[in-house]
Amino acid sequence: MHLRNTKYEIRNTMVKIVTKNFNLKDSYLLSTYESTGGYQAIRKAMDSMTPDQVTEEVKKSNLRGLGGAGFLAGMKWGFIPKNSTLPKYLCVNCDEAEPGTFKDKYLVSLDPHRLIEGMMIAAYAIGCHKAYIFIRGEYVRPYERLQAAVDEAYAKGYLGQKLMGKDYALEIVVHRGAGAYICGEESALLEAIEGKKGWPRLKPPFPAVVGLFGCPTVINNVETLCHVPTIIEKGAEWYAKIGTAKCGGTRIFCMSGHVKKPGIYELPMSVTLRQLIFDHAGGIRGDKKLKAVVPGGISAPILSAAEIDVGMDFDSLKAAGTMAGSAGVMVMDEDTDMVEALKVATRFFAHESCGQCSPCREGTGWMYKIVKRICDGKGRAQDINNLLSIGQNISGTTICALGDAAAMPVTSYITKFRDEFEEKCKMKNEKLKITI
Amino acid sequence: MPKLLIDGREIEVPAGSTVMQALEKAGVKVPYYCWHPGLSIAGNCRMCLVEVEKAPKPMIACDTKVAEGMVVKTQSEMAKKARAGTLEFILANHPLDCPVCDQAGECELQNFYMNYGLYDSKFDDEKVKKHKAEIIGPTVMLDSERCILCSRCVRFCDEITHTGELGIMNRGDHEEIGIYPGKELDNKYSGNVVDICPVGALTDRDFRFKCRVWYLTPSDSVCPGCSMGCNIRIDSNLSRPHHAKGERVMRLKPRENQEVNKWWMCDEGRYGYKFIDHDRIVKAKSGGVDVEFDQAVSELAAFLNVAIKSGSQSKIGVLVSTHLSNEDLYAIRKLFKEKLGIENIDYRAGQKTGYSDDFLMKADKSPNTAGARALEMNSPAAGKFIEKCEGLILFGVDLPSLPKNLRFLAYIGTNNNSASKAASIVIPGAVYAEKEGTFTNFEGRVQRFREAFAPLGDAKPEWQIACDLSAKLGIKPALSAGGLEFQSAEAVFREIAKTVPPFEGLSYESLGNTGKQLKQPVTSRS
Numbered sequence: 069m070h071l072r073n074t075k076y077e078i079r080n081t082m083v084k085i086v087t088k089n090f091n092l093k094d095s096y097l098l099s100t101y102e103s104t105g106g107y108q109a110i111r112k113a114m115d116s117m118t119p120d121q122v123t124e125e126v127k128k129s130n131l132r133g134l135g136g137a138g139f140l141a142g143m144k145w146g147f148i149p150k151n152s153t154l155p156k157y158l159c160v161n162c163d164e165a166e167p168g169t170f171k172d173k174y175l176v177s178l179d180p181h182r183l184i185e186g187m188m189i190a191a192y193a194i195g196c197h198k199a200y201i202f203i204r205g206e207y208v209r210p211y212e213r214l215q216a217a218v219d220e221a222y223a224k225g226y227l228g229q230k231l232m233g234k235d236y237a238l239e240i241v242v243h244r245g246a247g248a249y250i251c252g253e254e255s256a257l258l259e260a261i262e263g264k265k266g267w268p269r270l271k272p273p274f275p276a277v278v279g280l281f282g283c284p285t286v287i288n289n290v291e292t293l294c295h296v297p298t299i300i301e302k303g304a305e306w307y308a309k310i311g312t313a314k315c316g317g318t319r320i321f322c323m324s325g326h327v328k329k330p331g332i333y334e335l336p337m338s339v340t341l342r343q344l345i346f347d348h349a350g351g352i353r354g355d356k357k358l359k360a361v362v363p364g365g366i367s368a369p370i371l372s373a374a375e376i377d378v379g380m381d382f383d384s385l386k387a388a389g390t391m392a393g394s395a396g397v398m399v400m401d402e403d404t405d406m407v408e409a410l411k412v413a414t415r416f417f418a419h420e421s422c423g424q425c426s427p428c429r430e431g432t433g434w435m436y437k438i439v440k441r442i443c444d445g446k447g448r449a450q451d452i453n454n455l456l457s458i459g460q461n462i463s464g465t466t467i468c469a470l471g472d473a474a475a476m477p478v479t480s481y482i483t484k485f486r487d488e489f490e491e492k493c494k495m496k497n498e499k500l501k502i503t504i
Numbered sequence: 220m221p222k223l224l225i226d227g228r229e230i231e232v233p234a235g236s237t238v239m240q241a242l243e244k245a246g247v248k249v250p251y252y253c254w255h256p257g258l259s260i261a262g263n264c265r266m267c268l269v270e271v272e273k274a275p276k277p278m279i280a281c282d283t284k285v286a287e288g289m290v291v292k293t294q295s296e297m298a299k300k301a302r303a304g305t306l307e308f309i310l311a312n313h314p315l316d317c318p319v320c321d322q323a324g325e326c327e328l329q330n331f332y333m334n335y336g337l338y339d340s341k342f343d344d345e346k347v348k349k350h351k352a353e354i355i356g357p358t359v360m361l362d363s364e365r366c367i368l369c370s371r372c373v374r375f376c377d378e379i380t381h382t383g384e385l386g387i388m389n390r391g392d393h394e395e396i397g398i399y400p401g402k403e404l405d406n407k408y409s410g411n412v413v414d415i416c417p418v419g420a421l422t423d424r425d426f427r428f429k430c431r432v433w434y435l436t437p438s439d440s441v442c443p444g445c446s447m448g449c450n451i452r453i454d455s456n457l458s459r460p461h462h463a464k465g466e467r468v469m470r471l472k473p474r475e476n477q478e479v480n481k482w483w484m485c486d487e488g489r490y491g492y493k494f495i496d497h498d499r500i501v502k503a504k505s506g507g508v509d510v511e512f513d514q515a516v517s518e519l520a521a522f523l524n525v526a527i528k529s530g531s532q533s534k535i536g537v538l539v540s541t542h543l544s545n546e547d548l549y550a551i552r553k554l555f556k557e558k559l560g561i562e563n564i565d566y567r568a569g570q571k572t573g574y575s576d577d578f579l580m581k582a583d584k585s586p587n588t589a590g591a592r593a594l595e596m597n598s599p600a601a602g603k604f605i606e607k608c609e610g611l612i613l614f615g616v617d618l619p620s621l622p623k624n625l626r627f628l629a630y631i632g633t634n635n636n637s638a639s640k641a642a643s644i645v646i647p648g649a650v651y652a653e654k655e656g657t658f659t660n661f662e663g664r665v666q667r668f669r670e671a672f673a674p675l676g677d678a679k680p681e682w683q684i685a686c687d688l689s690a691k692l693g694i695k696p697a698l699s700a701g702g703l704e705f706q707s708a709e710a711v712f713r714e715i716a717k718t719v720p721p722f723e724g725l726s727y728e729s730l731g732n733t734g735k736q737l738k739q740p741v742t743s744r745s
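Residue numbers (my numbering), protein chains in the order written: chain A, 69 to 504; chain B, 220 to 745.
Honestly, I wouldn't trust all of these hints.
Across the chosen pairs, the derived CB separations fall in these ranges [stated by the list, open to error]:
hint, chain 1, residue 1, chain 2, residue 2, range
1, B, Pro400, A, Lys112, 26 to 34 Å
2, B, Glu325, A, Asp444, 39 to 47 Å
3, A, Thr483, B, Ser340, 22 to 30 Å
4, B, Asp439, A, Val277, 40 to 48 Å
5, A, Val277, B, Glu231, 25 to 33 Å
6, A, Tyr222, B, Pro400, 32 to 40 Å
7, B, Asp414, A, Gln229, 33 to 41 Å
8, A, Lys446, B, Leu315, 15 to 23 Å
9, A, Gln460, B, Leu337, 33 to 41 Å
10, B, Glu325, A, Pro272, 50 to 58 Å
11, B, Glu378, A, Gly389, 40 to 48 Å
It is worth saying that the hints were derived from the structure and are not from the lab. Note that the Cβ used here is the ideal one computed from N, Cα and C, for glycine as well.
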């Protein structure tokens, strides 16, 4: 990925909150960020708001967690126990390993100071004096940009013993991951920062109470925090009005797959999937027909071409039986082999399962083996029902959501495109002249 | 104290209890692999899933805290389905090793499948291949394909022995238990990981392929390896002797006793059972020649009679080993001191400078030193008589060099040694596994051990030998004090409880399976 050579087409005249600086020259420099009004919101927060008021403002804005879970960010900040004497930690999740997702990479490469300012405001709100950014190991150039930005902030006296020169310490540590999708799970992320295997923890207790090093911790996605400076600057009401009733503001949608204009698109939460694909991303390449869309990263249940008139906010997609997730929108045209697509998905989860708990450890590998066998023409009649049964048995029985995430593609692809799977299983038997 | 409903029954438990603890209290069984009362909660096997009303998905009993008014169902459709589903995952890649696996018969995969599974397997693909029959230490063998990655062994090495040799390597279904480079599993308690492994992944190299567990006869006992007195179970092969290569004891396993050894035992004790079936004295000897038991006892009695008649008790010494039971020691003291007037009795603890730690291993490598002290088996001159005595009767004590004035030596014991070879009269004794009795551990805790099998050859328990001697010597029970005509070890103990103050109030019944403290603490320093 060569950052130098890519232009980021940010279409639409609608408001841009987190990508507004992307096309500026040297957008990633502190000087650029400040010249466009950056590092004013943190000053406003520290000068004229109490930490609780900051949290309230973020709550009122309806900012949702943009890593995938969609939890109200302000509410999460409010879970930090007020009367705890333990240090509070803020962890930023830049693991971004959900296939189809690539927004945080650009945020961190092109406007890292926005993240830093968002972290400052969050840290002030929850009483945190040391924050960690967990960035996936594979992001080498983005890491260099991010670390350089943190260094710039330190050099300017914005970070360190005196946050923005005030009597409040804030240290930021950038911690690189080592290649595990599971470390994007918040408790596994904490384990990794603590130097241990990235195995998710049993919950409860939740990180807000027992988190990093056993202390109260807030974990937020990169993009979520990038929205915070604007919320403080322009106010929660302004922010909440953009988007839907329960989902405030904008988010970056990652368009990939068989569209004419793949890329990142910052749009209000109220945009529909049809608008995303056809109005913004230019429609299907080669003007082919749409077949299926994964709306929110590989774990999100797939939607058929008939189901794309749905708002891209968390609540509408949930009601439609899928999820907004990480906004990794993967568009598949009429030539896509859904069984092969499922093979890719199951292979991913089999590779990434941490192995701690039995259903996911054995189930992900098992599902992949069956799907691969079907793709190789050795499918058996009972394989399809077996896959559904395995997916059902994994759901709800695991330590973390990876198990559920692995089961959802299997269930949704088979449910919505069952005839393709049956066809593949039959093919083998036809070749051998066996009737099922 | 929160109250909850378990399968319709109300149970009250202390605040902060888990559902698993509540289930235990209610006597309701759920299957589990990774949970162990002596280790931290891992919550990774997902076998103990139960239905909790109002919760959207099944919850693991081991890590769910009890809340007031909680309704737990262990037999609902949701619970049963979750259980069977999890079992199917664990068995998916499990090798079909039962015919060659030592764990068969005591395997939690077999047990839970029969109790909670009984489904038709739908796995029809290539199973994951991993390392098999890997030696990871002198006493433990690892088979990674059989491993269900419950992490009990890893947690044991981290939390109990604090040695941390084991870890889980790789990710996903290629995970394996591994030993860190340059290390082996040999931390003095290694054998315990075999006990806690629910499947045949970690197996005992000493027990490997020795005997199918359903041919084993278990017997509760106490380890005689040191003064800790860990509770054990002796597993003997009595039903297939032709497979046992002349041995009766196949293995020792720890027995739970929260007051002494919790769930564990050390390797020294665990593998120190070979003396029971090897190099035993099985026949009485006189002058180096095998004789009938009766004859040897008569000859010893004859020697004692001569000494008593000539009033030369002071020239005779008796040394008793602290491997003997309280019953043995009491009978010996009663015979020699009270009835025969031989004052020179002392106990020898054998090796007292062995390895010790602050866990289960004591430096005193004998089980009953405290008992010997409580029974006052020591002479005021504390063994100085040894140098001067002319006649010496050794009960299980080995003397590498004999006193220069010695003219008569009798050895009564279980295994051959230099003293038994030098003795003119040798009488075979019974090891702890071959008799009833009690040991008193370093803290003064009196614990029962049971007879696992009959004594080898002509051997008899030492308390019985004392009775036989007394009969030959013509010591009749006096009217006030009893003679030595004990019918059982329990009869001996009853008299101990009546006449030896530290043992007051104790009985075999009150000792139960886990023992009781002496009335007055008579602790041995090691």
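Structure-based check of each hint:
no., hint, in the structure
1, B:Pro400 <-> A:Lys112: 26 to 34 Å, "violated (55 Å)"
2, B:Glu325 <-> A:Asp444: 39 to 47 Å, "holds (41 Å)"
3, A:Thr483 <-> B:Ser340: 22 to 30 Å, "holds (25 Å)"
4, B:Asp439 <-> A:Val277: 40 to 48 Å, "holds (45 Å)"
5, A:Val277 <-> B:Glu231: 25 to 33 Å, "holds (27 Å)"
6, A:Tyr222 <-> B:Pro400: 32 to 40 Å, "holds (39 Å)"
7, B:Asp414 <-> A:Gln229: 33 to 41 Å, "violated (54 Å)"
8, A:Lys446 <-> B:Leu315: 15 to 23 Å, "holds (22 Å)"
9, A:Gln460 <-> B:Leu337: 33 to 41 Å, "violated (19 Å)"
10, B:Glu325 <-> A:Pro272: 50 to 58 Å, "violated (35 Å)"
11, B:Glu378 <-> A:Gly389: 40 to 48 Å, "holds (44 Å)"
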